[in-house]
Amino acid sequence: MLLQRNKLFQNQRSPRSLILTTSCNGRKWKTAAQVRERDRVAPKIVVEDKSSSTAQPGGESKMSNYTCALLFDCDGVIVETEELHRKAYNAAFQEFGCTINGQPLVWSVEYYDVLQNTVGGGKPKMKYHFKNNGWPDSKKGPAPTTEEAQNLLVDNLQDMKTEHYKRIVSSAAEARPGILELMDEGLSRPDIAMCICSAATKEGFVQVVNSIVKPERLERFDVILAGDDVTRKKPDPLIYNMTREKLGLPADRCVVIEDSMVGLRAAVGAGMKCIITPTASTSSADFIGEGATAVVSALAGPGFKVTMDDIFSKNAKGEMVPNIRIKTK
12 MLLQRNKLFQ NQRSPRSLIL TTSCNGRKWK TAAQVRERDR VAPKIVVEDK SSSTAQPGGE
72 SKMSNYTCAL LFDCDGVIVE TEELHRKAYN AAFQEFGCTI NGQPLVWSVE YYDVLQNTVG
132 GGKPKMKYHF KNNGWPDSKK GPAPTTEEAQ NLLVDNLQDM KTEHYKRIVS SAAEARPGIL
192 ELMDEGLSRP DIAMCICSAA TKEGFVQVVN SIVKPERLER FDVILAGDDV TRKKPDPLIY
252 NMTREKLGLP ADRCVVIEDS MVGLRAAVGA GMKCIITPTA STSSADFIGE GATAVVSALA
312 GPGFKVTMDD IFSKNAKGEM VPNIRIKTK
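Take 12 as the starting number for the sequence shown in this note's numbering and just add one per residue.
Some clues are possibly wrong.
DSSO-like cross-link-like pairs, simulated, lysine-lysine; straight-line CA separation at most 27 Å [said to hold, decoys possible]:
| hint | residue 1 | residue 2 |
| --- | --- | --- |
| 1 | Lys284 | Lys316 |
| 2 | Lys177 | Lys134 |
| 3 | Lys328 | Lys284 |
| 4 | Lys151 | Lys98 |
| 5 | Lys284 | Lys213 |
| 6 | Lys284 | Lys142 |
| 7 | Lys225 | Lys142 |
| 8 | Lys98 | Lys213 |
| 9 | Lys98 | Lys177 |
| 10 | Lys225 | Lys138 |
| 11 | Lys150 | Lys138 |
| 12 | Lys150 | Lys177 |
| 13 | Lys138 | Lys213 |
| 14 | Lys150 | Lys225 |
| 15 | Lys225 | Lys244 |
| 16 | Lys151 | Lys134 |
| 17 | Lys325 | Lys284 |
| 18 | Lys177 | Lys138 |
| 19 | Lys98 | Lys134 |
| 20 | Lys213 | Lys244 |
| 21 | Lys151 | Lys225 |
| 22 | Lys284 | Lys98 |
| 23 | Lys213 | Lys316 |
| 24 | Lys244 | Lys284 |
| 25 | Lys98 | Lys138 |
| 26 | Lys284 | Lys177 |
| 27 | Lys225 | Lys316 |
| 28 | Lys328 | Lys244 |
Keep in mind that the hints were calculated from the coordinates and are not lab data. Values in this document were obtained by computation on a predicted structure and should not be read as measured data.
The whole structure should be built from the sequences, with the hints applied where relevant.
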């Protein structure tokens, strides 16, 4: 009997339904109570409890059939989205009328590259910027001075940014070369778990994977986590540690594909091997010096294609294990 991929979600709704219907309430301004209620009821993209419906005859979990795992970041790995994110942030800043010391708040290409390689996640990026440059005045009022007011401003900006991003990404985003082919190959392998672990806010993340990866492919992944599903963002290794624990695999059986220094540090911090596919904004970083196992310009290109056999091979026991030997021409 062929091994069936594990369900993605805790509740009984189909994965496709949840992915397609996740959306925000569309309001421009939210009170603190509304933000807390939104976060409380927001659906979580998590793997189903292995001890229940994923159990096989004899009490063995389907997860136990996996001997290794491939974990994909989203932004920059599945699709190059850095410039799309930057434009969406600037659109949100403009719509909110954000100014610092009387100057409009605008993130340049060069500055966003710095943020991209320093801080993971959208809200942490804004908080990092505001703590170092001052909190902005906006149409909502003067610069917030309390932690609650600051968090509320960031929440509202992030929601507005997400709406702009969803509109932009639907028309402009394309999968990076080789990524979907590698996913399809991995999803056909019964001994390799397939996961997506993104630092992005869930609504923007859902828009990307729904548009690029497609629901019929997402249904077959074993673990999908977005930034909202963890309490600490990359470079903290929490999201990768959580995924490994859900799979029941040791760190040395997991391989991560990342694009940035922030993501690499999260993978290395979790004790996992990491393949880097840099983007224009991260290509100058010393990834090998920071612990990357391999750096490749893309997963496919003229004369080469990265396959599962370039990442995993069988050991003496016949188990599929990480063995990265990527070559490009």
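Hints, verified against the model:
The suggested pairing of lysine 284 with lysine 316 holds, with an alpha-carbon distance near 19 Å, which does not exceed 27 Å. Between the alpha carbons of lysine 177 and lysine 134 the distance comes to roughly 17 Å, so the proposed pair stays at or under 27 Å and holds. As the CA atoms of lysine 328 and lysine 284 are separated by approximately 21 Å, the hinted pair is consistent with the 27 Å bound. Straight-line distance between C-alpha atoms of lysine 151 and lysine 98 comes to about 21 Å, which keeps the hinted pair within the 27 Å bound.
Taking the CA atoms of lysine 284 and lysine 213, the gap is about 25 Å. The hint holds against a cut of 27 Å. Pair hint lysine 284 plus lysine 142 does not hold up; C-alpha atoms about 33 Å apart against a cutoff of 27 Å. About 38 Å separates the Cα atoms of lysine 225 and lysine 142, which puts this hinted pair outside 27 Å; it is violated. For the suggested pair lysine 98 and lysine 213, the alpha carbons sit about 18 Å apart, so the restraint of at most 27 Å is met.
Using a Cα cut-off of 27 Å, the hinted pair lysine 98 and lysine 177 holds, with the two alpha carbons roughly 12 Å apart. Restraint check for lysine 225 and lysine 138: the C-alpha separation of about 32 Å exceeds 27 Å, so the hint is violated. Proximity of lysine 150 to lysine 138 is assessed by CA-CA distance (about 19 Å); at most 27 Å being required, the pair is judged to hold. Using a Cα cut-off of 27 Å, the hinted pair lysine 150 and lysine 177 holds, with the two alpha carbons roughly 23 Å apart.
Distance check on the hinted pair: lysine 138 and lysine 213 sit about 18 Å apart at the alpha-carbon level, within 27 Å; holds. With a C-alpha separation of about 38 Å, the suggested pairing of lysine 150 with lysine 225 is violated against the 27 Å cut-off. Between lysine 225 and lysine 244 the alpha-carbon distance is near 25 Å, which keeps this suggested pair within the 27 Å criterion. Distance hint between lysine 151 and lysine 134 is fulfilled; the C-alpha atoms sit about 18 Å from each other, no more than 27 Å.
Only pairs whose Cα atoms come within 27 Å are accepted, and lysine 325 paired with lysine 284 is accepted, the gap being roughly 17 Å. Between lysine 177 and lysine 138, the direct Cα distance comes to roughly 22 Å. Compliance with the 27 Å bound is thereby established for this hinted pair. Pair hint lysine 98 plus lysine 134 holds up; C-alpha atoms about 15 Å apart against a cutoff of 27 Å. Our distance criterion of 27 Å between C-alpha atoms is met by lysine 213 and lysine 244, whose separation comes to about 13 Å.
For the given pair, lysine 151 sits about 38 Å from lysine 225 by alpha-carbon distance, which is inconsistent with the 27 Å threshold. A C-alpha spacing of about 32 Å is found between lysine 284 and lysine 98, which places the hinted pair above 27 Å, so the restraint is violated. For a cut-off of 27 Å, the pair hint linking lysine 213 to lysine 316 is broken: about 30 Å separates their Cα positions. Only pairs whose Cα atoms come within 27 Å are accepted, and lysine 244 paired with lysine 284 is accepted, the gap being roughly 19 Å.
Of the supplied pair hints, the one linking lysine 98 and lysine 138 holds, its CA atoms being roughly 18 Å apart against a limit of 27 Å. In summary, the hint linking lysine 284 to lysine 177 is not supported, as the alpha carbons are separated by about 32 Å, beyond the 27 Å threshold. For a cut-off of 27 Å, the pair hint linking lysine 225 to lysine 316 stands: about 22 Å separates their Cα positions. Of the pairs offered as hints, the one joining lysine 328 and lysine 244 is violated, with about 37 Å between alpha carbons and a cut-off of 27 Å exceeded.
Of the numbered hints given earlier, the model fails hints 6, 7, 10, 14, 21, 22, 23, 26, 28; all others are met.
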